[in-house]
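A.B. asks: Spelled out from the first residue to the last, the chains are:
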Amino acid sequence: MTSVSEIPNTYRAGPDEEGRFGIYGGRFVAETLMPLILDLEAAYDTAKNDPEFQAELAHFNRHYAGRPSPLYFAERLTKHLGGAQIYLKRDELNHTGSHKINNCIGQILLARRMGKTRIIAETGAGQHGVAAATVAARFGFPCTVYMGVVDIERQQPNVFRMKLLGAEVVPVTSGSRTLKDAMNEALRDWVTNVESTFYIIGTVAGPHPYPEMVRDFQSVIGIEAREQVQAAEDRLPDTLVACVGGGSNAMGLFYPFLNDDGVEIFGVEAAGRGIDTGEHAASLTAGRPGVLHGNRTYLLQDEDGQIVEAHSISAGLDYPGIGPEHAWLKDAGRATYVPITDAEALEAFQLCSRVEGIIPALEPAHALAHVMKIAPERSSDHIILMNMCGRGDKDIFTVADALGVGM
Amino acid sequence: MTANVGGTARIERRFAQLAKENRAGLVTYVMAGDPDLDTATAILEGLPSAGADIIELGIPFTDPMADGLAIQVSGLRALKAGVTVHRVLDAVSRFRRKDSNTPLVLMGYYNPIYAFGPSRFLESAKEAGVDGLIIVDLPPEEDAELCLPALEAGLSFVRLATPTTDDSRLPRVLHNTSGFVYYVSVTGITGAAIPDLSLVTSAVERLKRHTSLPVAVGFGIKTPEQAAAIARGADGAVVGSALVTTISENLDADGRAGNGLVDALLTRVQDLADSVHHARKAGPTS
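If you read the protein sequences in the order shown, they are chains A and B.
Counting the first sequence from 1 gives a position; my numbering is that position plus 127.
Counting the second sequence from 1 gives a position; my numbering is that position plus 502.
A few of these clues could be false.
If you only want the chain A side, here are some residues facing chain B, beta carbon under 7 Å, derived [said to hold, decoys possible]:
| no. | residue |
| --- | --- |
| 1 | 150 |
| 2 | 154 |
| 3 | 311 |
| 4 | 315 |
| 5 | 433 |
| 6 | 434 |
| 7 | 463 |
| 8 | 466 |
Every beta carbon over 12 Å from chain B, so not counted as near; a handful from chain A, in silico [what the hints assert, rightly or not]:
| no. | residue |
| --- | --- |
| 9 | 140 |
| 10 | 203 |
| 11 | 504 |
In case anyone wonders, no lab produced these hints; they're calculated from the structure.
For each residue, glycine too, the CB sits at the ideal point set by N, CA and C.
Based on the provided sequences and hints, a complete structural model is requested.
C.D. replies: Structure follows, in structure tokens:
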């Protein structure tokens with residue numbers, strides 16, 4: 128039983144000085160990287176308290192990324208599901224087509240302040256790779272993106288986009304040849320080129336200060352959404368829903384609401400072919416705590432601590448870990464994490480396209496599939512706010528293939 | 503076996519002996535269970551007489567973020583052969599029945615140990631005859647995880663110092679280090695390009711100004727000549743990727759150990775050992 132003293136009076140205080148959210152997070156990296164991680168932490172601490180940096184960030188968010196993104200009342204979807212009112216935070220309308228640009232703008236501005244001369248990034252779906260390549264082009268940095276060959280195969284349009292933007296895309300053939308391995312390879316590059324290179328990690332994972340920093344840059348989503356829903360409805364939403372791979376769009380939406388007790392929070396994990404098939408990416412539902420990629424968090428692993436390959440139809444969710452703050456929110460009971468299968472996501476993908484005229488990315492299609500489950504059970508005065516974190520243009524070939532449509 | 507024979511004491515005794523003989527030690531790295539359990543046993547048991555002064559035994563991990571391709575594939579071979587932390591410790595126990603003098607240090611990543619349970623692991627490792635640990639992803643900032651309990655258990659926690667570890671940070675890195683210090687000669691991954699030897703020499707001198715512990719140098723040492731050059735200034739030269747590559751080169755088309763594998767590997771160790779052991783007497787060869 129939890130004693131009163133163990134219940135935090137705020138869910139927004141983390142991480143602590145060691146980069147921990149409870150037992151999660153930390154700095155589990157090779158010594159070569161450690162001095163740089165400490166430099167980065169110091170540089171970020173200075174930048175975040177510098178009004179000039181914040182003004183620069185706000186400027187590029189507005190004029191380059193196109194923020195604020197609209198909060199849209201999905202009237203037809205609401206009617207179709209026949210229950211709660213559904214609002215979509217339209218982060219798929221951002222420049223580059225997803226929420227990933229929010230973080231990349233922040234990190235490239237920091238890279239420039241730190242005098243770095245080269246950008247590297249890992250990518251799964253290619254959305255983060257495209258966003259990183261975009262800001263690298265805009266600010267004149269050479270950029271190398273690591274991408275698993277399995278993902279290169281299923282995300283061809285984004286591979287070409289990155290190349291158009293001047294980035295070098297390095298195919299990763301080690302391990303399961305997806306996002307996890309791309310991250311390993313990016314870390315190996317970083318260890319080798321530590322002085323010149325800034326590693327733009329795309330999600331709220333990795334060694335401290337990345338989980339905090341990426342969350343802060345993505346929190347613009349939740350800050351805007353909070354104001355927008357209050358303007359529209361004169362109150363806070365009852366339920367937040369977002370998909371989680373590494374968990375950056377979800378952390379960005381959730382963070383500004385964490386201390387609002389009445390707001391229920393759902394993170395939606397990829398259940399792939401089903402949790403019981405073992406072919407999934409649901410680290411919070413079916414994993415256990417371990418250490419990978421610089422942080423302690425829930426991981427898909429075998430008994431001996433070897434990392435197990437994840438599976439999801441969505442390349443962006445195909446990761447065997449999760450950001451450490453999500454791990455902590457799960458244990459603290461502040462957020463609930465639920466699995467959605469490939470098939471359920473595909474159904475949501477099609478429904479949203481037909482009913483709302485919005486083709487979602489396969490990642491937020493998972494979030495939408497959970498909305499489809501809960502909305503009918505809630506009353507018409509219940510407000511669900513879901514983050515539509517990416518658009519689905521990149522996924523049409525994957526979806527066509529899954530539906531057996533020749534293209 | 504008495505308490506002061508194994509663990510840190512065994513490492514200290516070996517370096518004291520090397521100092522007395524005015525020679526550096528050859529530190530060899532191989533992955534436990536690579537390419538299969540039986541072959542790996544033959545390799546491990548053959549290393550001391552081939553000239554290895556200290557043995558580093560790798561614990562395989564699926565995601566070795568500081569390792570180059572050679573050690574990545576070596577780890578995958580070991581995992582395929584069924585190596586677990588239990589089996590690594592079994593291999594050490596068997597080795598100890600035949601050799602109680604050669605220090606043996608386990609090297610790897612934290613997650614397999616974390617999954618095993620750190621305190622249970624330390625107990626089993628000590629019992630098996632492990633003398634020290636090198637855990638790549640546990641910097642001093644995470645000392646409470648395994649380093650402090652390991653020291654308490656009488657095991658060495660050998661820290662990596664790197665070219666990016668500057669003078670202001672070195673004391674922190676050296677603080678809970680014991681046995682020896684492992685200097686990583688390049689900012690890079692294992693098996694990286696040949697280090698600039700003059701930079702390595704001055705780096706070893708820098709380390710020695712900060713610590714009285716022996717300094718072993720590794721990452722990127724492939725040939726007997728390079729090992730000899732390192733051995734003139736450092737207390738130990740570590741060779742890993744080059745040995746693991748010798749294993750790769752002696753596999754048949756199906757990935758099984760060829761007949762000559764163990765001999766080829768031990769011959770390679772012998773060449774390196776001759777070179778390291780005579781480095782200070784021979785003087786520069788180039």
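A.B. asks: Was the hint right that residue 466 of chain A lines chain B, CB cutoff 7 Å?
C.D. replies: Cβ of residue 466 of chain A sits 23 Å from chain B, so the hint is violated.
A.B. asks: Return the status of the interface hint for residue 315 of chain A: holds when the least beta-carbon distance to chain B is below 7 Å, violated otherwise.
C.D. replies: holds (5 Å)
A.B. asks: At a threshold of 7 Å, is the proposed contact between residue 154 of chain A and chain B supported by beta-carbon distances?
C.D. replies: It holds, given that the least Cβ distance between residue 154 of chain A and chain B is near 5 Å, below 7 Å.
A.B. asks: With d taken as the least Cβ-Cβ distance between residue 504 of chain A and chain B, does d exceed 12 Å?
C.D. replies: Non-interface label on residue 504 of chain A holds, nearest chain B Cβ at 39 Å vs cutoff 12 Å.
A.B. asks: Regarding the hint that residue 433 of chain A lies at the interface with chain B, is the smallest CB-CB distance below 7 Å?
C.D. replies: holds (5 Å)
A.B. asks: So, as I understand it, the hint says residue 311 of chain A touches chain B; can you test that by seeing if any CB pair is closer than 7 Å?
C.D. replies: holds (5 Å)
A.B. asks: Once the shortest beta carbon distance from residue 150 of chain A to chain B is found, is it less than 7 Å?
C.D. replies: violated (11 Å)
A.B. asks: Can we confirm that no CB of chain B comes within 12 Å of the CB of residue 203 of chain A?
C.D. replies: holds (44 Å)
A.B. asks: Min Cβ distance, residue 463 of chain A to chain B: is it shorter than 7 Å?
C.D. replies: Violated. Min distance 26 Å.
A.B. asks: Does the CB of residue 434 of chain A sit less than 7 Å away from some CB of chain B?
C.D. replies: Cβ of residue 434 of chain A sits 5 Å from chain B, so the hint holds.
A.B. asks: Please settle this one: residue 140 of chain A was flagged as non-interface, so is its CB more than 12 Å from every CB on chain B?
C.D. replies: holds (20 Å)
Of the hints listed earlier, those the structure fails to meet are numbers 1, 7 and 8, in rising order.
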